[in-house]
Structure formats: C-alpha cells, structure tokens
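From just these sequences and the hints, can you work out the full model?
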Amino acid sequence: MSVDTGIEPGAALPKARGDYLPLLLPVALALAALPFVPVSTWFTLTVAGLAMGMMIFVMASGLTLIFGLMDVLNFGHGAFIAIGAYVATLVLLPLGGWMQADSIWLNLAALLSAIVAAMAVTAVIGLAFERILIVPVYGQHLKQILITMGGMIVAEQLLYALFGPQQIPLALPTSLRGSFLIGDAAIEKYRVVAVLVGLVVFVTMLLILNRTKIGLLIRAGVENGEMVEALGYRIRRLFVGVFMAGSALAGLGGVMWGLYREQVNASMGGELLVLVFIVVIIGGLGSVTGCFIGALLVALLQNYIGFLVPKLSLISDILLMVAVLLWRPRGLYPVTSR
Amino acid sequence: MIMPLSGDPPRSRCLSIALVIIVLVLALAPFLFGGAKPLNVTAKICIFIALAASYDLLLGYTGVVSFAHTMFYGIGSYGIAIAMYGLGPRWGAAAVGLTVALPLAAALALVIGLFSLRVQTIFFAMITLAVASAFAVLASQLSWLTGGEDGRSFSVPEVLRPGFRVDVLGLNITGRMLTYYLVFACCAALFLLLLRIVNSPFGRVLQAIRENPFRAEALGFRTVIHRILANCIAAAAAAAAGALNALWLRYTGPDTSLSFSIMLDILLIVVIGGMGTMYGAIVGATLYVLAQNYLQALMGWVSTAAGEAGLPLVPSLFHPDRWLLWLGILFIASVYFFPAGIVGKLRGSR
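Top to bottom, those sequences are chains A and B.
Numbering follows the numbering used here, with no gaps: position 140 of the first sequence is 140.
Numbering follows the numbering used here, with no gaps: position 210 of the second sequence is 1210.
Just so you know, the hints here were simulated from the structure itself, not pulled from any lab data.
Cβ coordinates follow ideal geometry from the N, Cα and C atoms, glycine included.
Among the hints, erroneous ones may be present.
With a Cα cut of at most 30 angstroms, we get these calculated DSSO-like pairs of lysine-lysine [as the list claims (entries may be wrong)]:
1) B/Lys1044 - A/Lys143
2) B/Lys1044 - B/Lys1345
3) A/Lys143 - B/Lys1345
Listing some non-contacts, in silico: residues in chain A with all C-beta distances to chain B over 10 angstroms [claimed, not checked]:
4) Leu24
5) Leu90
6) Gly139
7) Lys143
8) Phe202
9) Val274
10) Lys311
Listed next, with one range per pair, are the computed distances between beta-carbon atoms [unchecked claim]:
11) A/Tyr138 - B/Leu1142: 39 to 45 angstroms
12) A/Asn224 - B/Val1224: 23 to 29 angstroms
13) A/Ala128 - B/Gly1300: 29 to 35 angstroms
14) A/Gly183 - B/Gly1300: 56 to 62 angstroms
15) A/Tyr138 - B/Leu1298: 35 to 41 angstroms
16) A/Ala28 - B/Leu1295: 51 to 57 angstroms
17) A/Val116 - B/Leu1298: 58 to 64 angstroms
18) B/Val1111 - A/Ser267: 24 to 30 angstroms
19) B/Val1111 - A/Glu229: 52 to 58 angstroms
Here it is as structure tokens:
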C-alpha cells in the first residue's frame, strides 16, 4: 500500500525555506546611520566598515568552520592570525624593492608571495597544532578550551621571544597607498582591495561548500559526523583538511590586518580573538553566512558609533551581541544539530 | 578539626603536612619575616587562595570555563578604591564599597549567565572573554570614575596604616600587620565558606552537572539555575577577594585588578593545583606566587649566563618576561598528564 505524501514521484525535493531577514541587517544598519552623518563621511565610514568587516570575516570564518565541523573551539586561532602577519613581514623584508617599485604588478607579486607564504606556514602550524594538541581531547569541551588557550599563550610568548615585544612596521606597497576621491568622500585604496579579497574568500567558500563533493561532506559532517563516518568517509581526514584551511584563513586575515594597521605586534592575535569571538557568536557558531553578516555588522557599527559617540564604541560590540542574542539566542544562523 | 573543613579533609598525609605548613607560615608570616617584600608575597598568596578557590567552584566543580573572573575581582577592587577615594578613609566607606560591589558582581554574573549558560557552556567561555575585555577597556577609559590607566591610590583607616603602632604583650604590632591579619582572616573565612558550599547538597548537584548534565536534568535538577547560581557565588567571592587586594595595596589600577594576565594566573593556579579539589587552590596559589616572585630572578640569571656564553635564542627564551611561555607549557602538560593536578597526584599516591 502506498502512502500519499503529497509529493509527485520524481518531483524535486521541497526546498528549505530561506531565512533572509539577517541578510538585510547590515543594509538596514548602513541606512539607519545615513541621517546622522554627512553623506561623504557616511560613504567613507561605510567603506571603512566594509573593509574592516571583510578582514574580520576572513579571520572568523576559519574559526566558525572548524567549530562547525569538528566541534572544537580553537582559542589558539588568534595565534595563527599573529603568525600570519609575522610571516608576511619576514617575506616582505627582502622583497622591499618590489614593494617600493612604481609598478602595480611588482607590488602585487610581492603581496601575493607574502600571502601565499603566510597561508602555507599557518596551515602547516595548524596541522601540527591539531595533531599534537587537539587530537587527544576531541569531544571534551573543557579540556579543549584549556589546551587551546595554553597553545595560544605558548605561541604568543614564542613570538615575543623570537621577534621581541616592539611594534614592527609593515608598509603597504606603493600602488596601494593613499586614497582616491568619489565626490567629497575619500576612499583608501587598500580598503577597496580588502573588500574585494574578503568577497572573493566568501564567494569561494560558499561555492566550495555548496557546489563540490568536499563541501557536501563538510556540510554533512557539520550536521551529523557519525553518519558521514558510517557511510565510509574518513572524517578525521576531513577534520585535518578543514583545520589547515581554517588556520590558513586566519593567516590570511593576519596579513590583511597587519597591512591595514601597517604594523605587526605579537599581542594582535589575542586582541583580535575577542572581536572574532563576538562575530562568531553573533553569526551563530558554525555558520559561514552568519559569520559574514556578523563581521559586517560589528565593523559597520564600530565605525558609525566611533564617529558619532566615540566613547560608546568601546562597548558597541557587546551591545550588538546582546541585542542579537535577545532576538536569536543561538546567533543569527544557528547550526541545527548543536 | 573536621567541622570547619565541612567533612572534606585533605585525604593524604603529604597533602595534610604541606597544608599545615603553608597555613602556619601564612598565619605567622608577620613575625617570621622582616621587611616588606615577604609580607607582600604572603598577602598575595592569601588573596590568590581565596580567588582561585572561588574560580575552582566554577571550573573544577561546575565544569564551566569563565574568562571573566578578573572582571569580578576588579569590581571588588574598584568598589573599595572608589568608595575610599570618594568618601575618605573610613570604615563606613569600605562598607559602602562592599555593599555596592558584591551585589553588582553577582548581578552581572547573573546577566551573563542568563545570556550564555542557557545555550551551551562553550558560549559562556566566549561571552565571558568578550565581556571581560570590554569591561577592562571601559574601566581604563572612564577616568573620572576609575582614574584610568593610573588607577586610584587611597588612604585606609588609621589602624591599618603602616605608621600605626601599638604594643600588645611586649610585641610591637604595626598597622601593616593588622591589615595582613584582616586579609588573612577574611581569606580563610572565604575559603572555608567555599569549602562548605561545594560539600553541601548544592555542591553535590554542581558536581553531578559537571559529570553528566543530561542525567542531572533527568533527575529533576534545574541545571541552568544551578550553574547560574554557582556563577553568582563565585563572582561575589572573587569580588570580596578583590576588595581585600585593594585594601592591602591601598591602590587599584587596571594592572593589579583587571588585566588578562591575572585571569591566566588564576587559570594556571587552579589547573596546576588540582581542579575540583579546593585544596588545590592553596597549594597552587602558594607555589605560583612564590614562583612568580623568586623564579623570575632565576630565569634572569639563566638568561644572562646564556647570553655571556654566546648561545643563540636561549637568552630570549629565558628572559624573565617570557616566564609565561614555560608556565604555558607546564599548563598544557598538566591538563594532559595530571588533570587532577598536584592535589590529585598526592591523593593518588597517598
């Protein structure tokens, strides 16, 4: 006897209902700020916010992906950010000639090699970090937090021991310095680059997650890791791959942030980690899209508030986080199984 | 003997001997050592014992990682400092500071708990880290209230000042000694109170939640409410320890009360001493503070010696400022190899 499910045989599966409301939040925030600031300033602030948001997103996406798949909250993520920035500084030191050259191609070649080196090094260190520190404590949240925090302390102290406590300058290449004008609004060139890089990372991540077999496995692993294992896939290998990719993203974010601030310091990882955590909580632990929106919200709000009420910008992140959690206690896009 | 320990004795001969020695030395410190530094060290040990014990209630007994413990410690410190600074060096001012700071700490802990402990304990770790760092920035920026980066120096009531002297049975008692004994007595009381709490039925429920939250909930205990309550108690105890710290230093600033390095100190003390044992706080705090004050000198000596021998990298690895590196390694090793810490080891070998 057949059961009438109301679905024609052969028909496409019913689509999950989209949840687009959070996507509108950054737009709404930007529009809400418009009446309070002059238009040209608003434009500058918005671009600054977008650039900052993209950089935070690049750092946070790795953390949220690792948490989503592996159920590991890596407090050592901040160390990878700092390591990435230091590796870029080391690579760019001998390439100073290319950076100072007046050719945009030489500038980009120097930048690209710094980024590739930073991502490769952080990926390898991520591999070691996962193998040595995290493997013994899978499934034990308390120990994970303690161990990764310990890893963070050790990594940060090693950076201090190797490079000293001082701020190390990291200059932008010639062609990315300065700003251009759109109407009255000054737009820094590097910020536009940062926005583009962030968008590329976001779109690539979405494409990989939604259009490839690896992405399918990762999404399946986020929902139910045991089932993926039961179907014959070695989920531990997936874990290693995702951990390396997440660490490499942290390294990339570190390079971008170092260039943005034009200086590198060993304590930058710990400082950014707090921001990254806020973003990940706002977005919903494990969600890449949520992380993207969270990063944009945090950065835009910080820029607007920093202009309007500077003192308030110190706690604007926390207030935003509280507001979001009041609305959705698990963040904007909670991952269902956790 | 068992009564004040709430029926939870050290349960190990070595541990008992060590604890008796520590407590005796702490109790007689003003008469045993001359000079200001040893007394500063012993007072810091007392305060850190109370602080670490209150953190152990969370980490060891409830199984919740908080990174906001220094925030509550700082609230207590600033409560005393601001009250004494504003109202003058009177006992009334201290009372006002305490009556504002303790409930404030508990209320803040309640709010944080309501937001984050409902969902997941891992949320709690992240949110406390975020809130604590925002609070530290706020405290250093609101300089009209907190004195900013410089902090607040204040005077204490007459009897607690170093210049105050009184002869009791031929002994020359100074105000500094009286302050020390005030700190010592309050810390001992706090520790015994916390020991009482973890050995009460409430404490048993906390341990049940730590071992298996689902089962505890199935038995009919409201896990969220127990966790939040534990968080509030720990926060109030930390604030009390902070108040004692402010009284002892006669100063409160971001570095002495709110910095993240103090948070790491507490975490290391509790983990190395032994999570979920309470006595671990005493052993851990004593070893840690002694190491902090005397081991760094040794590291400096190694560093200079290696520098003169021309070794690469070793001088910077052993630089006194890098001592967190070695503690971090010790911390990771102790989480892996001695999850029950020093106290657990001693109890195991009996």
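Hints and how they fare:
1. B/Lys1044 - A/Lys143: Holds, at roughly 28 angstroms.
2. B/Lys1044 - B/Lys1345: 25 angstroms, holds
3. A/Lys143 - B/Lys1345: 18 angstroms, holds
4. Leu24: 24 angstroms, holds
5. Leu90: The claim holds: A/Leu90 sits with its nearest Cβ about 16 angstroms from chain B, beyond 10 angstroms.
6. Gly139: 12 angstroms, holds
7. Lys143: 6 angstroms, violated
8. Phe202: 22 angstroms, holds
9. Val274: The assertion about A/Val274 is violated, with a minimum of 5 angstroms to chain B.
10. Lys311: 7 angstroms, violated
11. A/Tyr138 - B/Leu1142: 39 to 45 angstroms: Given range 39 to 45 angstroms: holds, Cβ gap about 43 angstroms.
12. A/Asn224 - B/Val1224: 23 to 29 angstroms: 26 angstroms, holds
13. A/Ala128 - B/Gly1300: 29 to 35 angstroms: 31 angstroms Cβ-Cβ, so the 29 to 35 angstroms window holds.
14. A/Gly183 - B/Gly1300: 56 to 62 angstroms: Once the Cβ atoms are compared, 59 angstroms apart, the range 56 to 62 angstroms for B/Gly1300 and A/Gly183 holds.
15. A/Tyr138 - B/Leu1298: 35 to 41 angstroms: This hint holds: roughly 38 angstroms between Cβ atoms.
16. A/Ala28 - B/Leu1295: 51 to 57 angstroms: 55 angstroms, holds
17. A/Val116 - B/Leu1298: 58 to 64 angstroms: Check failed, 43 angstroms falls outside 58 to 64 angstroms.
18. B/Val1111 - A/Ser267: 24 to 30 angstroms: With a Cβ separation near 29 angstroms, B/Val1111 and A/Ser267 satisfy 24 to 30 angstroms, so the hint holds.
19. B/Val1111 - A/Glu229: 52 to 58 angstroms: 40 angstroms, violated
In summary, the numbered hints that this structure violates are 7, 9, 10, 17, 19.
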